[in-house]
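There are 2 protein chains.
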Amino acid sequence: MLPDAMVSSKRILRIRSGLARFHVDAILFWDMKNIRYLTGFTGSDGALLIGRKEQILMVDGRYTNQAKREVEDAEVFEYREKVDGIETILTGSGLKSIGFEPAAMNVQTYLKLKEKMKGLALVPLSSEISAIRTVKDEMEIAHMKKSSDISFQAMTAVQELIKPGMMEKDIALELEFRMGRFGAEQIAFPTIVASGANSSLPHAKPGSRRIEKGDVVMIDCGAVFQGYHSDETWTFVIGNGQDRQKEVYAVVKEAHDRALEAVKPGVLCREVDRAARSFIENKTLGKYFSHATGHGVGLDVHEAPRIASTSEHVLETGMVVTIEPGVYIPNLWGIRIEDMVLVKEEGCEVLTRMPKDFKVLN
Amino acid sequence: MLPDAMVSSKRILRIRSGLARFHVDAILFWDMKNIRYLTGFTGSDGALLIGRKEQILMVDGRYTNQAKREVEDAEVFEYREKVDGIETILTGSGLKSIGFEPAAMNVQTYLKLKEKMKGLALVPLSSEISAIRTVKDEMEIAHMKKSSDISFQAMTAVQELIKPGMMEKDIALELEFRMGRFGAEQIAFPTIVASGANSSLPHAKPGSRRIEKGDVVMIDCGAVFQGYHSDETWTFVIGNGQDRQKEVYAVVKEAHDRALEAVKPGVLCREVDRAARSFIENKTLGKYFSHATGHGVGLDVHEAPRIASTSEHVLETGMVVTIEPGVYIPNLWGIRIEDMVLVKEEGCEVLTRMPKDFKVLN
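Chains H and S are the protein sequences, given in the same order.
Quick note, in this note's numbering, the first sequence goes up one by one and the last residue is 367.
Quick note, in this note's numbering, the second sequence goes up one by one and the last residue is 367.
Please keep in mind that the hints were generated in silico from the structure rather than gathered at the bench.
Quantities reported herein were computed from a predicted structural model and do not represent experimental measurements.
Where hints are given, some of them may not hold.
Once the Cα atoms are required to be at most 25 Å apart in a straight line, the calculated DSS-like pairs of lysine-lysine come out as [to be verified]:
no., chain 1, residue 1, chain 2, residue 2
1, H, Lys117, S, Lys349
2, H, Lys210, S, Lys38
3, S, Lys150, H, Lys210
Chain H side only, calculated, beta carbon under 8 Å to chain S, not exhaustive [as the list claims (entries may be wrong)]:
no., residue
4, Gly66
5, Arg67
6, Gly97
7, Ser98
8, Ala108
9, Val112
10, Leu116
11, Ser131
12, Gly185
13, Arg186
14, Pro195
15, Pro207
16, His208
17, Leu290
18, Tyr293
Using N, Cα and C, we set each Cβ at its ideal position, and we do this for glycine too.
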């Protein structure tokens with residue numbers, strides 16, 4: 006048996022052993038990232054049924070061969086129309102209650118399934134299911150180190166190109182091209198390059214604005230390797246920084262460092278958020294820190310757990326999360342410092358590699 | 006009043022005048038492309054309520070300023086949590102039945118909304134709503150000509166680089182980089198570059214395979230300009246083509262031309278599919294044409310109408326659709342020829358620009 010199939014087999018067993026706790030006879034997985042995680046199938050459409058005995062991956066004709074090649078640990082069933090395929094599998098299976106991921110299924114499909122399978126209870130499983138991928142194994146961590154390396158190499162190379170006069174969107178394009186060259190399968194999300202006042206918007210799209218001396222420039226980017234994402238934000242100044250920029254940078258950096266310090270197994274995620282937020286609040290910049298401190302990363306760039314003020318999630322060894330406090334002064338500039346870290350027994354290991362000290366380019 | 010707002014205003018009126026036909030008091034739009042179409046808002050999250058009197062765009066704090074800047078024709082309401090925001094707007098509004106797009110809303114949200122607003126009927130509107138963007142106006146067509154130009158320029162430039170020994174994924178990367186350089190906001194979808202036996206898979210991902218003499222190479226790519234997508238497939242041969250490749254190319258090209266010929270206002274989409282499919286079937290290649298002949302394109306790369314064997318949709322002047330027959334010989338190679346065309350009174354205009362005659366490179 007291949008190591009991959011052993012991994013898949015263990016993960017499927019973990020789901021199966023949870024069926025009683027979820028009070029369902031089987032779970033119908035719909036989220037393609039969960040299906041990839043459980044079976045190794047990398048196609049873009051399908052469904053996976055895991056019951057006490059059943060482990061059936063349903064795909065359409067485009068994916069039958071690929072599924073048979075990639076999946077060792079589930080039976081592959083080909084359908085022409087997804088809902089009809091599910092009906093065929095479930096009819097006569099004796100299964101009475103089927104759990105599913107309500108955030109991954111749309112209402113159109115849900116209503117069709119309910120209509121077709123009237124005797125069946127469809128049970129939405131929310132938080133239980135969203136947490137199945139939070140703890141990463143060695144292979145997953147190796148992939149995330151690699152995706153972090155790729156974005157680091159791309160940022161390091163592009164750093165040489167950044168000069169006053171260059172457009173934000175051209176910096177983004179160069180970064181994305183280089184991530185591809187350095188081995189990214191794809192970009193983790195549309196790269197953010199925000200300069201000057203644009204950096205005061207946490208989610209700015211790179212545009213035609215040209216970098217000027219004195220600008221704050223914020224770059225938020227990531228690569229995907231073997232399906233696993235990296236996520237990192239690097240903020241620097243062009244020309245010579247103003248004192249106020251240096252001061253705020255130091256506050257955000259200290260908040261970032263305090264959150265890193267708080268990351269340990271057994272700690273509530275909201276405590277990590279608190280560590281960053283309370284420091285920024287004490288410096289009277291709290292109202293400019295308008296988002297959560299971080300989030301889990303893996304097969305999705307945003308996944309459980311959230312590192313937010315209300316998050317009841319508890320950190321465990323093997324989780325990978327971002328720590329990304331930011332301060333955004335309206336219409337002036339913004340500073341965000343983001344690393345992706347692995348929770349370890351004694352604290353955490355930073356996986357992203359750009360240095361985060363205050364930096365002036367050119 | 007700005008021209009953009011006039012467009013938005015007309016589109017909203019069109020929805021409003023359809024409320025009675027849909028048997029609802031209002032429609033809650035959830036699909037961000039429909040919201041962009043109706044209001045001009047380009048953010049990535051929000052909801053839009055259109056009732057007999059109401060036209061309210063609901064967004065979170067990240068998007069309030071952007072929404073106020075972009076949207077002339079709807080009131081902007083800021084929420085902290087989306088479902089709560091909708092509850093606030095609907096409570097006391099007197100609205101009793103709310104239509105929504107069931108394919109755009111997930112079950113988690115749907116169950117929350119139903120739980121919170123027990124007195125309200127949530128009415129799924131499927132086909133009626135999916136067709137609101139099918140007919141393009143002059144501005145939309147201009148944007149799609151521009152996105153087609155961008156991918157044409159990129160393919161033309163990359164054509165010079167393609168040589169035996171080059172990896173599929175590097176060709177894809179060069180294409181995507183050049184689309185960005187020529188003005189694409191983003192790529193329309195992950196570029197397909199499939200060579201040799203990989204081209205026999207309609208949806209292959211570009212990989213490490215190196216182009217060889219004698220390969221069929223299939224490139225399927227598109228650009229986005231002002232939100233509007235292009236979609237085009239170009240298949241060619243490296244070195245000198247085999248007779249069988251030329252023969253099959255000629256069949257696919259003739260099927261493509263016949264489908265183009267069939268495109269006219271008033272024609273059923275399935276008749277267009279038939280025009281391509283029957284020709285391929287007559288050449289005994291029908292079993293290798295494993296997908297539909299085409300689909301609508303616009304703010305989404307795949308939107309209504311479908312050009313498929315069962316499609317009851319009728320073509321109208323101003324629709325933009327792809328025509329993309331393909332023949333895939335298992336384990337050998339595949340040929341797809343795809344253009345994006347505008348339905349005009351007298352027939353159609355081809356918007357994509359790569360020549361589609363049989364071509365041998367190098």
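Checked hints:
1. Annotation: proposed proximity of Lys117 of chain H to Lys349 of chain S is violated, straight-line Cα distance about 36 Å (limit 25 Å).
2. Restraint check: the Cα-Cα separation between Lys210 of chain H and Lys38 of chain S comes to about 17 Å, which is no more than 25 Å; the hinted pair holds.
3. In summary, the hint linking Lys150 of chain S to Lys210 of chain H is supported, as the alpha carbons are separated by about 23 Å, within the 25 Å threshold.
4. A least Cβ separation of about 7 Å between Gly66 of chain H and chain S falls short of the 8 Å threshold, and the interface hint therefore holds.
5. About 6 Å separates the beta-carbon of Arg67 of chain H from the nearest beta-carbon of chain S, less than 8 Å, and the hint is met.
6. The restraint placing Gly97 of chain H at the interface with chain S is violated, with a minimum CB-CB distance near 25 Å, outside the 8 Å limit.
7. For Ser98 of chain H, the interface hint is violated, the least distance from its beta-carbon to any beta-carbon of chain S being 22 Å, above 8 Å.
8. Evaluation of the Ala108 of chain H hint against chain S yields a held restraint, the C-beta minimum of about 4 Å falling below 8 Å.
9. Here the hint on Val112 of chain H is kept, as its CB sits about 4 Å from the closest CB of chain S, short of 8 Å.
10. The beta carbon of Leu116 of chain H is positioned within 8 Å of a beta carbon in chain S (closest approach about 6 Å), and the interface hint is therefore held.
11. For the restraint placing Ser131 of chain H at the interface with chain S, the shortest Cβ-Cβ distance is roughly 7 Å, inside the 8 Å limit, so the hint holds.
12. Contact between Gly185 of chain H and chain S, as hinted, is supported at the beta carbon level, the nearest pair being about 4 Å apart and thus within 8 Å.
13. Among the interface hints, the one on Arg186 of chain H holds; its C-beta lies about 7 Å from the nearest C-beta in chain S, closer than the 8 Å criterion.
14. Evaluation of the Pro195 of chain H hint against chain S yields a held restraint, the C-beta minimum of about 6 Å falling below 8 Å.
15. The interface hint given for Pro207 of chain H holds, since its Cβ lies 7 Å from the closest Cβ of chain S, which is under the 8 Å cut-off.
16. Checking His208 of chain H against chain S by beta carbon gives a least distance of about 6 Å; that is within 8 Å, so the hint holds.
17. At about 17 Å, the closest approach between the beta carbon of Leu290 of chain H and any beta carbon in chain S exceeds 8 Å, and the interface hint on this residue is violated.
18. Interface restraint check for Tyr293 of chain H: the shortest CB-CB distance to chain S comes to about 12 Å, outside 8 Å, so the restraint is violated.
In this structure, the hints that do not hold are numbers 1, 6, 7, 17 and 18, in rising order.
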